[in-house]
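Quick note, the sequences are listed as chains A and B, same order.
Quick note on numbering: our numbering labels position 315 of the first sequence as 315, and the sequence is numbered without any gaps.
Quick note on numbering: our numbering labels position 228 of the second sequence as 228, and the sequence is numbered without any gaps.
No lab work stands behind these hints, which were simulated from the structure alone.
Where is the CB? At the ideal position from N, CA and C, for every residue including glycine.
Keep in mind that a hint or two might mislead.
Stated by the list, open to error - Which chain A residues stay away from chain B? Per the calculated CB distances, all over 10 Å, these:
id	residue
1	Val22
2	Ile403
3	Glu421
4	Arg423
To be verified - As a list, the in silico DSBU-like pairs of lysine-lysine whose alpha-carbon atoms are at most 30 Å apart:
id	chain 1	residue 1	chain 2	residue 2
5	A	Lys438	B	Lys182
6	B	Lys208	A	Lys331
7	A	Lys309	B	Lys216
8	B	Lys117	A	Lys288
9	B	Lys216	A	Lys331
10	B	Lys117	A	Lys359
11	B	Lys197	A	Lys428
12	B	Lys208	B	Lys124
13	A	Lys309	B	Lys117
14	A	Lys10	A	Lys387
15	A	Lys428	B	Lys31
16	A	Lys75	A	Lys123
17	A	Lys289	B	Lys117
18	A	Lys47	A	Lys309
19	A	Lys44	A	Lys75
20	A	Lys437	B	Lys55
21	B	Lys75	B	Lys197
22	A	Lys289	A	Lys274
23	A	Lys44	B	Lys216
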Amino acid sequence: MGGVHPHDNKISTEAAIEQFPVPAQVVVLMNQHLGAPATPIVAKGDKVKVGQLIGEAQAFMCANVHSPVSGTVSKIDICKDPFGLAKPAIYIDVEGDEWMETIDRTPDIKRECNLEPKQIVDKLKEMGIVGLGGATFPAHIKYSVPEGKKAEYLIINAVECEPYLTSDHRVMLEHAEEICIGISILRKALGVPNAYIGIENNKPEPIRVMREMAAKFEGIIVEPLKLKYPQGAEKQLINAITGRRVPSGKLPIDVGCVVSNVGTTFAVYEAIQKNKPLIENILTVTGKKLPSQHNYQVRIGVSYNDIIKHSIGELPETTGKVISGGPMMGKAMCNLDGPTVKGASSVLVIDESEAVRAKESNCIRCGKCMHACPMGLEPYLFSALIKNGRYEEAGAHNILDCIECGCCFFSCPANKPLLDEVRLGKNKYRGILAAKKK
Amino acid sequence: MAHQIMLAVIVLGALGIIFAVVLYFVAQKFKVIEDPLIDEIAEVLPGANCGGCGKAGCRALAEAFVKQGSMEGLKCPAGGDAVMQKVATLMGCTAEASEPQVAVVRCNACFTGERSKVHYDGLKDCSFANSLFMGENGCQFGCLGLGNCAAACQFDALVMDPETGAPKIDEDKCTACGACVKACPRGIIELRNKGRKNRRVFVNCVNKEKGAVARKTCDNACIGCGKCTKVCPKEAIKVENNLAYVDYNLCIACGKCVNECPTGALVAVNFTPVKPKPVETPAVEAPKADAPKVEINIPQPEPVEVKKNNE
Chain A
1 MGGVHPHDNK ISTEAAIEQF PVPAQVVVLM NQHLGAPATP IVAKGDKVKV
51 GQLIGEAQAF MCANVHSPVS GTVSKIDICK DPFGLAKPAI YIDVEGDEWM
101 ETIDRTPDIK RECNLEPKQI VDKLKEMGIV GLGGATFPAH IKYSVPEGKK
151 AEYLIINAVE CEPYLTSDHR VMLEHAEEIC IGISILRKAL GVPNAYIGIE
201 NNKPEPIRVM REMAAKFEGI IVEPLKLKYP QGAEKQLINA ITGRRVPSGK
251 LPIDVGCVVS NVGTTFAVYE AIQKNKPLIE NILTVTGKKL PSQHNYQVRI
301 GVSYNDIIKH SIGELPETTG KVISGGPMMG KAMCNLDGPT VKGASSVLVI
351 DESEAVRAKE SNCIRCGKCM HACPMGLEPY LFSALIKNGR YEEAGAHNIL
401 DCIECGCCFF SCPANKPLLD EVRLGKNKYR GILAAKKK
Chain B
1 MAHQIMLAVI VLGALGIIFA VVLYFVAQKF KVIEDPLIDE IAEVLPGANC
51 GGCGKAGCRA LAEAFVKQGS MEGLKCPAGG DAVMQKVATL MGCTAEASEP
101 QVAVVRCNAC FTGERSKVHY DGLKDCSFAN SLFMGENGCQ FGCLGLGNCA
151 AACQFDALVM DPETGAPKID EDKCTACGAC VKACPRGIIE LRNKGRKNRR
201 VFVNCVNKEK GAVARKTCDN ACIGCGKCTK VCPKEAIKVE NNLAYVDYNL
251 CIACGKCVNE CPTGALVAVN FTPVKPKPVE TPAVEAPKAD APKVEINIPQ
301 PEPVEVKKNN E
């Protein structure tokens with residue numbers, strides 16, 4: 001159902017993953033995941049090593065945070081994230097690059113995993129693994145299947161349907177075996193017979209590589225998928241692979257599915273087999289007007305300015321927007337001094353000529369937004385309701401089912417900011433629901 | 001032919017009589033007995049249905065008055081004391097005199113020049129922008145300048161100043177209904193007592209960041225230094241979370257704190273300047289005068305509500 005076909009612009013697929021140098025200072029935000037912020041457990045002046053636990057998850061919906069560098073904690077304060085919003089953070093001045101002794105830094109691939117499912121989940125929690133597909137959902141919660149529910153499918157999201165992004169593409173090419181080991185571990189944690197890797201058809205090379213590798217493993221099946229945005233959205237992917245539909249307001253586990261990003265499986269491999277916490281991200285630096293395209297393995301907490309300086313020197317003069325994430329769902333950043341977080345997938349530099357929004361005109365009731373909506377919603381209706389403050393009616397039309405993919409906005413011939421309006425409506429309706437609960 | 005016309009007249013006439021009789025009895029049966037006082041009170045209320053009283057509209061307030069039988073706890077902020085007096089006469093009770101209030105935008109927001117660090121081209125709605133980012137002028141606490149407050153104002157008292165991009169309040173038109181206060185997602189707008197001779201002193205900032213950070217964000221930010229609290233003779237100023245707040249119930253508008261403020265976050269409005277200063281902080285200079293009370297400024301209250309010291 002629905003979907004659009006934006007130009008895929010995958011111009012950085014040829015750039016191999018490079019190790020990004022460690023900067024002089026990193027700022028580690030305490031809420032890099034969905035849920036409550038972690039609590040700092042180091043103090044000013046403390047020496048930390050790479051991989052040392054510095055923020056502890058004390059709430060249920062929370063994830064541990066580890067130091068991505070070695071050095072001294074210079075302060076614990078608030079820091080403005082890339083969107084200019086103040087968040088609690090730990091500032092670390094880098095000294096050398098001393099890793100925790102427990103972390104296995106050898107390049108050998110470790111295939112055996114003798115842990116029990118419960119131990120695997122505990123280790124995911126300890127290592128602060130979160131979903132790297134964008135939502136940064138804590139992995140240990142996802143892989144603790146609630147009682148009364150049963151996981152039947154493990155689906156690995158390697159669709160990467162967002163234009164420009166190539167981090168998953170490169171990880172699959174360069175770390176296919178690690179990914180497959182990671183998948184086997186997750187399969188064991190869930191106790192499911194088969195894991196499916198969904199890859200969009202426009203990536204023949206990763207499909208080939210993953211197929212070859214998956215043949216060596218038990219119960220890993222590669223599923224090439226039709227080229228369509230948002231094929232990689234969780235509910236769309238489940239439907240494409242299993243034919244099941246996640247009902248409104250339910251989670252994938254309600255239909256027996258668990259979906260993880262391919263980047264997460266690599267992080268899981270490193271965490272379980274190599275004891276390496278989530279301290280690095282694979283990040284794409286791309287843009288049509290950039291002199292070079294890059295894929296980096298970057299320590300968390302490096303500022304976006306550092307990344308830009310190191311990779312391309314300076315932003316082109318005609319830069320219109322710098323986006324974190326893809327062009328469809330990503331957010332334009334307004335504070336490039338802000339640090340990267342777990343789940344950051346790209347630095348996308350959009351030229352001025354492409355960054356301008358076209359002038360909005362009146363809705364002509366063509367219904368394109370309805371056809372484009374992968375969730376079967378009516379964005380034009382939301383737009384009208386929200387403009388008039390009728391949030392509850394919008395809620396009755398299932399506004400909360402919107403996955404914010406932006407297909408409606410993309411397809412609208414009147415250039416109405418449909419997604420903005422729907423997001424506003426979702427916020428307002430959630431507020432109303434929360435007020436009712438009290 | 002004539003016969004047919006007659007027939008039609010007779011049939012319709014008979015039907016009319018039957019319906020009239022039926023309607024009469026139905027009307028008797030379902031008669032709604034309503035206190036005529038409600039209509040009378042609704043008549044004297046402004047009829048703007050602004051919702052400032054907390055009710056659905058003016059008539060709902062009138063009903064509430066009659067139902068309650070007293071005026072306690074109910075007030076029409078838009079109409080003010082004059083309207084409340086009329087209601088009191090109708091109700092046969094006395095209205096408590098209350099201090100007239102006015103909405104105050106507590107932000108130095110300026111969206112032009114260097115202060116405008118990023119350009120926002122999304123949906124023109126403050127609460128949406130608030131969920132996305134810090135705001136065009138770089139302050140997480142300050143005005144977003146997208147005009148939710150101006151849209152909420154039913155009295156044309158609050159307009160977006162095209163020069164600065166920030167909201168501007170027309171004191172004469174503002175009825176203190178509080179619609180803008182509710183509309184602002186950042187809680188910048190506050191209803192404050194108009195004060196004697198319309199003179200007011202308040203902190204024109206809501207930035208809760210530490211001094212140095214706040215100062216970096218905005219030249220006129222309150223840095224929470226606390227100098228103002230020391231000079232205040234009435235202990236009307238409190239500093240909490242790096243932000244000073246002037247309690248309008250205690251403030252006597254002496255203006256001492258305004259002179260003390262190192263950033264110009266404290267402003268005094270409607271103080272007559274001793275001599276017209278060309279630029280910069282005219283309001284700040286005013287209270288220094290030895291005899292500020294001699295000047296009478298009621299005939300020409302300054303229309304500008306928020307003094308923007310950074311301009």
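- For the pair supplied as a hint, lysine 208(B) and lysine 124(B), confirm whether the alpha-carbon distance does not exceed 30 Å. Judged against 30 Å, a Cα distance of about 25 Å means the pair holds.
Lysine 438(A) and lysine 182(B): Cα distance at most 30 Å?
20 Å, holds
Within 30 Å, alpha carbon to alpha carbon, are lysine 75(B) and lysine 197(B)?
Distance ~23 Å between lysine 75(B) and lysine 197(B) Cα, so the pair holds.
Q. CA of lysine 44(A) to CA of lysine 75(A), is that 30 Å or under?
A. With a Cα-Cα distance of about 5 Å, the restraint between lysine 44(A) and lysine 75(A) holds, given a limit of 30 Å.
If you draw a straight line from the CA of lysine 309(A) to the CA of lysine 117(B), is it 30 Å or shorter? 20 Å, holds
Non-interface claim for isoleucine 403(A): all C-beta distances to chain B beyond 10 Å?
-> 17 Å, holds
Given the hinted pair lysine 197(B) and lysine 428(A), is their alpha-carbon gap at most 30 Å?
40 Å, violated
Check: Taking the closest pair, is the beta carbon of glutamate 421(A) still more than 10 Å from chain B?
Finding: 6 Å, violated
### Pair hint lysine 309(A) and lysine 216(B), alpha-carbon separation not exceeding 30 Å
23 Å, holds
**Prompt:** Can the restraint linking lysine 208(B) and lysine 331(A) be considered satisfied, given a maximum Cα separation of 30 Å?
**Reply:** 26 Å, holds
Next on the checklist: Can you confirm whether the C-alpha distance between lysine 117(B) and lysine 359(A) stays at or below 30 Å?
Outcome noted: 23 Å, holds
Given the hint that lysine 428(A) pairs with lysine 31(B), test it: the Cα-Cα distance must not exceed 30 Å.
At roughly 41 Å apart (the allowed maximum being 30 Å), lysine 31(B) and lysine 428(A) break the hint.
The structure is inconsistent with the numbered hints 3, 4, 11, 14, 15, 22, although it conforms to all the rest.
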